[in-house]
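Novice: The chain contents come next:
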Amino acid sequence: MNARRLGLARLGQYAIVLVVAVSLNFALPRLMPGSPLALIAGVEVGEMSPEERAAVTADAGLDQPLVVQYLTYWKSILTLDFGYSFRQGTPIEELVLERVPWTLLLTLTALVVSAVVGIALGAFAAWRRGGAWDVSSLTVMIALESTPQFWLGMLFIALFSVSLGWLPSFGATTAGADLTGLAWLADVAEHAVLPVLTLSILSIPAVYLSMRYSTLSVLGEDYIRTAQAKGLRPRAVMLHHVVRTALLPVTTVLALRLGWAFGGTVVIETVFSYPGLGRLMYDAVSARDYPVMQATFLVFTVAVLLANLLADSLYPRLDPRTRV
Amino acid sequence: MVTSASAVAELLAIRDLRVTFRASGRDVHAVRGVDLSVAQGETLAVVGESGSGKSVTMMAALGLLPENAEVAGSIRLRDRELLAMDERALRSVRGAEIGVVFQDPMSSLNPVHTVSRQIAEAIRAHADVSRAAAHGRAVELLGEVGIPDPRTRADDYPHQFSGGMRQRVMIAMALACGPRVLVADEPTTALDVTVQAQIVDLVDRIRRERGMAVIWISHDLGVVAQIADRVAVMYAGRVVEQGPCADLFDAAVHPYTAGLLRAMPRLDAPAGTQLEVIPGGLPDPEAHHGGCVFAPRCDHAHDTCAAARPALLPLVAGGGHAVACHRSGERLDPGRAVPAGAVSPGAVPAGDAAGAVPARLGGSPTLRAGTDNVRSRTGADEGRSRTGDGESAGPPVVVALDDLRVHYRGRGSWRRAAAPVRAVDGVTLELEHGRTLGLVGESGSGKSTLGRALLGLEKPSGGSVAFGDRVLHTLSAAGLRELRCTAQLVFQDPAASMNPALRVEDVVSEPLRINRRGSVAEQRARAGELLEIVELPRELGRRYPHQLSGGQRQRVAIARGLALDPRVLVCDEPVSALDVSVQAQIITLLSRLQAELGLSLLVISHDLAVIRTIAHRVAVMYLGQIVELGGRDDVFGRPRHPYTRGLLDAVPVPDPHRRSRPAPLAGDPPSPAAPPSGCRFHERCAFARPGLCDTTPPPLEEQRPGHWTACHLADEIAASSAPDPARSATG
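Here the protein sequences come in this chain order: A and B. Here the first sequence stands for residues 1 to 324, where the numbers follow this note's numbering. Here the second sequence stands for residues 1 to 731, where the numbers follow this note's numbering.
Extracted from the complex, chain A is given alone in its bound form (with noise of 0.2 Å):
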């Protein structure tokens, strides 16, 4: 019953979070210098005749009040209609569904991939406290913190696909290939490799520095002592009750993560010419597409939420202390 309002609360939080996001979206073409109409039709208004100009302003209900335009845009959002694309004509929604599943394919791959190699060697490098592969291991986390993320990507080109010629270096899919199957699935496989890589090995510092500085803690904990004066073995010890424990912070520095892994991809998929969400923002952006970056902005803000409410329920699941 408690438990079941507090829930309620904080769904309630991230909607006030969501309606936040999308009104700045709505305000934001609105805000800016110059017609709204260049922004939200994307016509060369100086062109075109007072008519003509009317009829665009009809037509993307311009003329209509603020709040009208406001809820309208509420309903397109809610019915996944946001509109057409000026460069491509296309609808935006079936663009946005066609990238999805790349994105997310790179962004978890990449989140899994760096959750359990942050884990274990931030674990591990706290086991060893002040050893050699802890101080070794450090300096390098703190290294990969700082790199620029279109560096390394451009790196593992120069070294991986150009000097060694093991992996493409663009693309999701080899174009024209026409493969099915398990050809089709190692063919994918094969390109997502290098920016899952990439996008892993920056989130792992972080994963890794958080992971290391509470299993830290934890380790001098007294329920620790508890556990040795049991007589269970070290790697009990370790697991069942120091990363354990231990993984608590880190749940939330994963959710984070997610929100930025997202925001990586736009750097990432356009190194690889991948043809996920962020390589379509980045489109959107230079081509000053603004229908479509709204679009991607909401989705990726959408989904960052979604990532942070996923790490909300489940540190119930985790930490009994916080279920009410």
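Accuracy of the hints is not assured; some may be wrong.
Label pairs and their computed distance ranges (CB to CB) [claimed, not checked]: (1) E87(B) / V285(A): 54 to 64 Å; (2) A9(A) / A673(B): 28 to 38 Å; (3) L314(A) / E539(B): 50 to 60 Å; (4) Q40(B) / L314(A): 41 to 51 Å; (5) R233(A) / L83(B): 19 to 29 Å; (6) P234(A) / H159(B): 39 to 49 Å; (7) V112(A) / E87(B): 31 to 41 Å.
Counterexamples of contact, computed for chain B against chain A with all Cβ distances above 10 Å [claimed, not checked]: (8) V129; (9) G136; (10) G178; (11) D201; (12) P285; (13) R526; (14) H606.
If we take Cβ atoms under 8 Å as the criterion, some of the chain B residues that face chain A in the derived model are [said to hold, decoys possible]: (15) S107; (16) S108; (17) V112; (18) E121; (19) M173.
In short, the hints are calculated from the structure, not lab data. In this text, a Cβ means the ideal position worked out from N, Cα and C, and glycines have one as well.
Assemble chain B onto chain A, guided by the hints.
Specialist: Below, chain B without anything else, positioned relative to chain A:
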């Protein structure tokens, strides 16, 4: 070295154990040659202050010391040498043959696993049993340690249990594999006195039933006297005295043991008994001592003490009572076991190597008096109230609380508040000029909140706090600031209440700086004065808080509290974080300051003996309300409220000959968010009368002159029960 006279085979025997921690070129000698042993079915108490090495000794037996520890000597369990075992063999000893219960059950249980899982884990670490069987055994164990409804509670998490219940879970876990030895490392220190009594009874019952050996590590001599068969007293990494419990309490020979016993505030001492102050503090753990570790603080030290280390030798050949003191022969007077005359508390330490001890500490007569000056005042006041002068003749009231309430919003959602937590729920109390009011109660009774509300640090939800005609919540911010100069606070943990980046003199003068009193030079000079007032050398002002001992830090905290010449000083658990010998120093200091400066003290403590030593008047708090209020001798000597009686009964008397005591108060205090109807205590009260106590809240009435009680049945209870000899000495 000690030849135990007992015919029973030694189960665990520690011989000449030395533990040195090596860290960055510095050696910390934590244990400097310890001999201990425990036989089957026996309870050995290891007594010592923090830093005495008692916990390190036990951790060494379990092989759980950090890697930088260097261990030498011998620890044998039956005929196996633990120190020679590899990690795998040691693991089969831990939990299976030696079970451990740690101090703080809150932090010693993993918060993310259910209690049954944590117990089952211990079982499955040593026996090849199924998950279900281990779970079933865990439920049985929970029942054995007195968890009500163990089947349902087994799947709860630690945070869903109260402190006492958590400690029961810890005990169940330690018993899981049927160990031969149970090590209990300060198992009741974090618990309330009523819960402590329950745990002591539980451990003793289990020891009897299972025939285990128990090693009970404690700094609390009261508990030790209640539970131990034999006692070993540790000091600075050595056992200085060891023997049967009764011998040790009746005839302590080592000056440290004797000093500890006299330094301890106790409920059964006649009022007016002096607390002995053991001057100085523990020796530097990094230093290597050729001689007796206690010599620098010892009144009896002579040249040999500094030169040669005394061996732990039996007083009588083959006897069980052994002492490590060169002068034990002289001190052991067959006619009078405790050579009380030989130890004069005021004597200037002879051959004193401890320069840290201010010279005045030994000589000043005002320092020695614990209850001395308190006594005379109370006596006079009592006389007055008995002759019927009543309130008018009492000292003027400095602070008056009127029906004060502090409620916190409960943990609910952000939209709908749950039931408020009634931390303080209708308290009317007066703090008199130049007198000390002691406030006692279990944790969660609201005593700290009351203290904070008195200083205007908590906003009252109802009622008022008035300093004379100035009512706190009506004051402006400036008025409040001004008022705060007259009322200051001393916290429990002096280390946590000081900015570690400031020098001691800046800590002390900070209140002056904040209130812009005087120039920097004047502030500094005042800080020096203040340090002298609290009996610290001025030079200490240049140091940082972490360079000071716990007792010195608490003195600094008191000096800071006095910086603005306050009229009121609230001390919230001022000695709870300190060792017994240091506690006595601080209590004595507070008593002296209170008398000399005419302060009004509010001393908040869960320790009844401390309150009895320092307070003129005592208020007993239960679930946000005052249940009994009166002169110290009235409340302690003639308690009328069943809760007060229960609290007093639960305090362990440091006398092994008086072990029988009434059954401890059962259960835990109810939640202050949902206090019981009627009398809040009725659910735990043996006298509660249905239809009265559970429906009508008893008012706090002056049932005897100057003695207020909130109980419907106080008169009947007083008439029905025989006077308790344990308390008759007090009256």
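Novice: Now, for every hint given, state plainly whether the structure supports it.
Specialist: Outcome of the hint check:
no.	hint	result
1	E87(B) / V285(A): 54 to 64 Å	holds, 60 Å
2	A9(A) / A673(B): 28 to 38 Å	violated, 20 Å
3	L314(A) / E539(B): 50 to 60 Å	holds, 57 Å
4	Q40(B) / L314(A): 41 to 51 Å	holds, 50 Å
5	R233(A) / L83(B): 19 to 29 Å	holds, 21 Å
6	P234(A) / H159(B): 39 to 49 Å	violated, 27 Å
7	V112(A) / E87(B): 31 to 41 Å	holds, 35 Å
8	V129	holds, 15 Å
9	G136	holds, 18 Å
10	G178	holds, 13 Å
11	D201	holds, 23 Å
12	P285	holds, 21 Å
13	R526	holds, 40 Å
14	H606	holds, 21 Å
15	S107	holds, 4 Å
16	S108	holds, 4 Å
17	V112	holds, 5 Å
18	E121	holds, 7 Å
19	M173	holds, 7 Å
When each numbered hint is compared with the structure, violations occur for hints 2 and 6.
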